[in-house]
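Q: Next come the chains, spelled out residue by residue.
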Amino acid sequence: MKNKKGLEFSFGWLFALVVGAAILFLAIYAAVKFISSEQTVQETEAAKQLETILTPIETGGEEAKAVAPIVFPAVTRVYNNCSTDGNFGEQSIRVSTLFGNKWQEQGLPITSYDKYIFSPDLMQAKELYVFSKPFEMPFKVANLLFIWSDKYCFVNPTPEIENEITDLNLKNINITDNPNLCPKGSNKVCNAGDYAICNITVDSGAHSVTKNGRTVYYEGSLIYGAIFSEPDVYECQVKRLMKRTSELALLYNAKSGLIAAESEGCSSNLQGDLGVLAMQVAGLTSTSELVAINFLAEGLSEKEGQMKNCKLWGN
Amino acid sequence: MKKGQTKIQEMAFVLIAIIVFFAMVALVYFSIRLSSLREDVTTQREQAARETVRKLSDIPEFSWAGCSNCIDLDKVVMLKERTTYNNFWNLDYLAIEKIYPNRTARECTPSNYPDCTTIKLINKTANYGIPVSAFVALCGFDATYNDVKCELGKIYASAKTIT
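Just so you know, the sequences run in chain order A and B. Once you know that position 12 of the first sequence is 12 in the numbering used here, the rest is easy, because the numbers rise by one and skip nothing. Once you know that position 153 of the second sequence is 153 in the numbering used here, the rest is easy, because the numbers rise by one and skip nothing.
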């Protein structure tokens, strides 16, 4: 005899199932949200710690300075973003860590206005290598930070660069006289016109670096920035540096006014040039204008060097 | 009331009690987590303030060339007048004070400089906590001697407070 009753669901069962499912859903949703926000907090803290570590590295006198590599607990992605918005532009870093086989969501950006990080826009490694060098135009503008994780191989660099790399004992950077002797997978940095297999070419005559098919121009310590960073990051950081140069030129101009008022015009002959420099650098649209700006800065430096007292930025 | 209805009512009360219990646990947890997060951020900012004080004499806007721990007071007096630098350093309070030789305390302006003692560059809030401080040499051009003159001073910095 067949049972015609079928499966019997009382209201109590139905109620328990619906409410139980709702509670479970809410619990899972809350847990997922909670884990995600905790991850964001951790990634943001990591980025802030990285920024704090970088501060003492960029602090220093007139010389280049290298430190021990920055080692992360796991393979980490560091995103370097640069913006030219505002009075001084913005530098922000974000971090994302590899957890198991999955990359975590990027943390919140840690923004600073007085740091200039020259690096690829994305670095993925467990170790980062850093060195810093001051940038002058003609007065000191900032200490630049150069960060890389990939291997670089400099083929026949200028003696100045060779000495600097050797003296600072920069990691993951080789110097050779033949690109075929470069370690496998390294970025080969050669002099323009020397070898066709190089990824990055430096034209020390034109003060230019060609990378990823794009040419950017440099002056002074910016050569390392042009080599290590993405051309877009480089152009942006140079524009930010020029904004700072402009503000500093105006500040020195004001200082000159203050000193000149007390000392019958001492240093007032620099005020015109400082004004011109401030105006020219503030309007920089491309790094190709750096040559002209450097020419103006050298003239200013020469004039300041001839002064005996009341120097504005020299010794 | 039927037996079944009573059971449903009991179950509903138990469920509500469970939800309220977990909500309270979550509330307590999040308040503790939030306060620890605030503490972390405050620590990070204090650390940043300490680093700023340490590197202040290296910052081009402050540095005096040729001396590693000297501040160019002529520059700093003029820096105070420049509004473009608002928010440039992530600080709530930044001040420079002349310590020696002794003088009557008064805030520096371009008109009373150098006969003054204090330059408050950043003073965003009255509640900036205990600032980090460091001794420095404050140098500037002295028209009387037509040469450089350095005095003993102190810098104070406090990071952004969290409300």
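Hints are computed from structural coordinates only; laboratory data are not their basis. Here the structure is a predicted model, which means the values were calculated and not measured. Certain hints may be false.
Computed footprint of chain B on chain A; a stretch qualifies when at least three of its residues, placed anywhere within it, have a C-beta under 8 Å from a C-beta of chain B [as the list claims (entries may be wrong)]:
| hint | region |
| --- | --- |
| 1 | 69 to 83 |
| 2 | 109 to 120 |
| 3 | 123 to 129 |
| 4 | 135 to 142 |
| 5 | 258 to 269 |
Where a beta carbon is used, it is the ideal one built from N, C-alpha and C, also for glycine.
Q: With reference to the structure, classify each hint as holding or not holding.
A: Against the structure, the hints come out as follows:
1. 69 to 83: n = 0 at 8 Å, threshold three: violated.
2. 109 to 120: Held - the region 109 to 120 of chain A has 3 residues with a Cβ nearer than 8 Å to chain B, which meets the minimum of three.
3. 123 to 129: Violated - the region 123 to 129 of chain A has 0 residues with a Cβ nearer than 8 Å to chain B, which falls short of three.
4. 135 to 142: That given contact holds, which follows from 4 residues of the region 135 to 142 of chain A lying within Cβ reach (below 8 Å) of chain B.
5. 258 to 269: Per the Cβ count (5), the hint holds.
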